[in-house]
Amino acid sequence: MPEEYIYAVARVRGKEQKLLSAPVMDSLVSAPGVNEALRILADHGWGDGENTEIDGMLTAEREKTWAFIKELVPDMSVFDVFLYANDYHNLKAAVKETARMETQDSVFIGRNETTVDAELIRRAVRDRDFGALPEEMQEIAKEALDALLHTGDGQMSDILIDRAALVRILEAGKRSDNEIIRMYGELTVASADIKTAIRACLMKKDRAFLERALAPCDSLDVNDLAQAASESIDAVYEYLDRTTYADAISEIRKSPSAFERWCDNLMIEKIRPEIHHPFTIGPLAAYILARENEIKCVRMILSGKTNDLSVESIRERVRETYV
Amino acid sequence: MSNLGLFFAILGAALAALIAGAGSARGVGMAGQAAAGVVTDQPDMFGRVLILQLLPGTQGIYGLLIAFVAMNNLGIMSGNPEVSCSLLKGLAYLGACLPMAIVGYISAINQAKAAVASIALVSKRPDQFGKSMLFPAMVETYAIFALLISILALNGVGAIG
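Line order of the protein sequences matches chains U and P.
Here the first sequence stands for residues 1 to 323, where the numbers follow this note's numbering.
Here the second sequence stands for residues 1 to 161, where the numbers follow this note's numbering.
Check each hint, because a few of them may be wrong.
If we take Cβ atoms under 8 Å as the criterion, some of the chain P residues that face chain U in the derived model are [to be verified]:
| hint | residue |
| --- | --- |
| 1 | Met30 |
| 2 | Ala34 |
| 3 | Ala36 |
| 4 | Gly37 |
| 5 | Val38 |
| 6 | Thr40 |
| 7 | Asp41 |
| 8 | Gln42 |
| 9 | Gly95 |
| 10 | Val116 |
| 11 | Ala117 |
| 12 | Ser123 |
| 13 | Lys124 |
Distance ranges between label pairs, derived from CB positions [said to hold, decoys possible]:
| hint | chain 1 | residue 1 | chain 2 | residue 2 | range |
| --- | --- | --- | --- | --- | --- |
| 14 | P | Ala25 | U | Lys70 | 27 to 33 Å |
| 15 | U | Ser30 | P | Met138 | 44 to 50 Å |
| 16 | U | Glu63 | P | Lys124 | 23 to 29 Å |
| 17 | P | Met138 | U | Lys270 | 52 to 58 Å |
| 18 | U | Ala132 | P | Ala137 | 43 to 49 Å |
| 19 | U | Asp241 | P | Lys124 | 37 to 43 Å |
| 20 | P | Arg125 | U | Ala246 | 24 to 30 Å |
| 21 | P | Arg125 | U | Gln155 | 50 to 56 Å |
| 22 | U | Arg128 | P | Arg125 | 36 to 42 Å |
| 23 | P | Leu54 | U | Ser255 | 52 to 58 Å |
| 24 | P | Leu50 | U | Arg175 | 35 to 41 Å |
| 25 | U | Gln138 | P | Ala137 | 54 to 60 Å |
| 26 | U | Ser27 | P | Lys131 | 28 to 34 Å |
The hints are simulated quantities; they were obtained by calculation from the structure and are not laboratory data.
The structure presented is a predicted model; accordingly, all values stated were derived computationally and were not measured.
For glycine and all other residues, C-beta sits at the position ideal for the given N, C-alpha and C.
In isolation and in its complexed conformation, chain U is listed as follows (with noise of 0.2 Å):
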């Protein structure tokens, strides 16, 4: 139906105006010190009032673009994609958590942002009760929890989890009906696949653990990639120069952080027609985006502001915005 979502379209119109624009961004980069760029943003009515510290303010923006997608969309599964990454989030922090013997409530993340609460991860971890978790989960959270207790590899348990919530999101977007839903899913994949590849070649680990690191996804041969990196980081370029990928070569080779951008970037490209659709739920999806990068962006130039970074190094690694 293409009534369904023109209330909530109209209403995710007027937020985009609100939207962090380039000039802004650039204002915040240009701010002399953290508490002016502060400033800026409380101008820009982030934050909510109570927060005054960084992680407060961010976790605060978080939860207000998702309190303000609830009032609109009456079943939340359909972006459950975008959440499922924080829900493997709290298993990998469950399992460590178990495995050590030590609680640790401010890595775990809060109901709003979860399709699963964390403290029915917790539960379900610690007293081994997986059959508590959504099927999906229950296998992977015994297997990394076991990987740990018996080799006390806390690598390989996350890459588990890792894979697991990769597989998770890519499933969930090809189940949409949203080209932007499946776009984000498979770029995810791809994405977080070509990292660790490229990690995975710096750290010479051999093609077994790429196999059980890299998901698999449409736009790329995960075992070509495996390949390529357990011989060179030049066969790894060389791969992907026959993909889709190609243009992220340059930036690969500057910095990992370079490369997260360019994703980043390559998002917000696709996402950009979504300002002219009144009638899909991609709108809303691309607003979910776009706010997750504004966050991001944010918290990277606050984060350079408080380590003194200069204006330059700063700029180099903002996002292009929606707006």
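Position chain P against the provided structure of chain U, taking the given hints into account.
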């Protein structure tokens, strides 16, 4: 069966009011949702978006007008229906009403889509209200063409014995 002509003539009038009216109802509803979405965050936009919301409502009025003309020609409005209306004449009435019924429905839905897009435009660029009115108004042209043809055809049908 002798009154079949009158039946088809009334069917034509009913379809003009029904189908064009249904298109307008759906179209105004679509534009209304977009308007409500804008007014939620920008209450001062009410006047502008209300005008845009109403644009797809005209097809329903045109359909009603055609139904009135048809029923008037048939003598239904004066309480003296043309019972002896031939089958040919009845079918001619039906045919005369169809342009307004069909084009009315299609143009109302498409005008609503243009109105929804224009409401989004006005919410972002309130100074472009005048231009935003033109986009959905263009669709109106075809509803007016259909109205014209239906009226001319209804007037011509009267000459059939």
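Consistency of the hints with the structure:
1. Met30: Cβ of Met30 of chain P sits 5 Å from chain U, so the hint holds.
2. Ala34: holds, 4 Å
3. Ala36: holds, 6 Å
4. Gly37: holds, 3 Å
5. Val38: Holds, because the Cβ-Cβ distance from Val38 of chain P to chain U comes to roughly 5 Å (cut-off 8 Å).
6. Thr40: holds, 6 Å
7. Asp41: Since the shortest Cβ distance to chain U is 4 Å, the answer is holds.
8. Gln42: Where the cut-off is 8 Å and the nearest Cβ of chain U is about 6 Å from Gln42 of chain P, the hint holds.
9. Gly95: violated, 31 Å
10. Val116: holds, 5 Å
11. Ala117: holds, 5 Å
12. Ser123: holds, 5 Å
13. Lys124: holds, 6 Å
14. P:Ala25 with U:Lys70: 27 to 33 Å: Distance hint for Ala25 of chain P, Lys70 of chain U holds at roughly 30 Å.
15. U:Ser30 with P:Met138: 44 to 50 Å: Between Ser30 of chain U and Met138 of chain P, where Cβ atoms are some 45 Å apart, the hint holds.
16. U:Glu63 with P:Lys124: 23 to 29 Å: holds, 26 Å
17. P:Met138 with U:Lys270: 52 to 58 Å: With a Cβ separation near 31 Å, Met138 of chain P and Lys270 of chain U fall outside 52 to 58 Å, so the hint is violated.
18. U:Ala132 with P:Ala137: 43 to 49 Å: The hint (43 to 49 Å, Cβ to Cβ) is violated, given that Ala132 of chain U and Ala137 of chain P are roughly 59 Å apart.
19. U:Asp241 with P:Lys124: 37 to 43 Å: holds, 41 Å
20. P:Arg125 with U:Ala246: 24 to 30 Å: Given a distance of about 38 Å, which is not inside 24 to 30 Å, the answer is violated.
21. P:Arg125 with U:Gln155: 50 to 56 Å: Roughly 52 Å apart at Cβ, these two residues keep to the hinted range, so it holds.
22. U:Arg128 with P:Arg125: 36 to 42 Å: Between Arg128 of chain U and Arg125 of chain P, where Cβ atoms are some 58 Å apart, the hint is violated.
23. P:Leu54 with U:Ser255: 52 to 58 Å: holds, 56 Å
24. P:Leu50 with U:Arg175: 35 to 41 Å: holds, 39 Å
25. U:Gln138 with P:Ala137: 54 to 60 Å: Holds: the Cβ-Cβ distance is about 58 Å, inside 54 to 60 Å.
26. U:Ser27 with P:Lys131: 28 to 34 Å: At 31 Å between Cβs, range holds.
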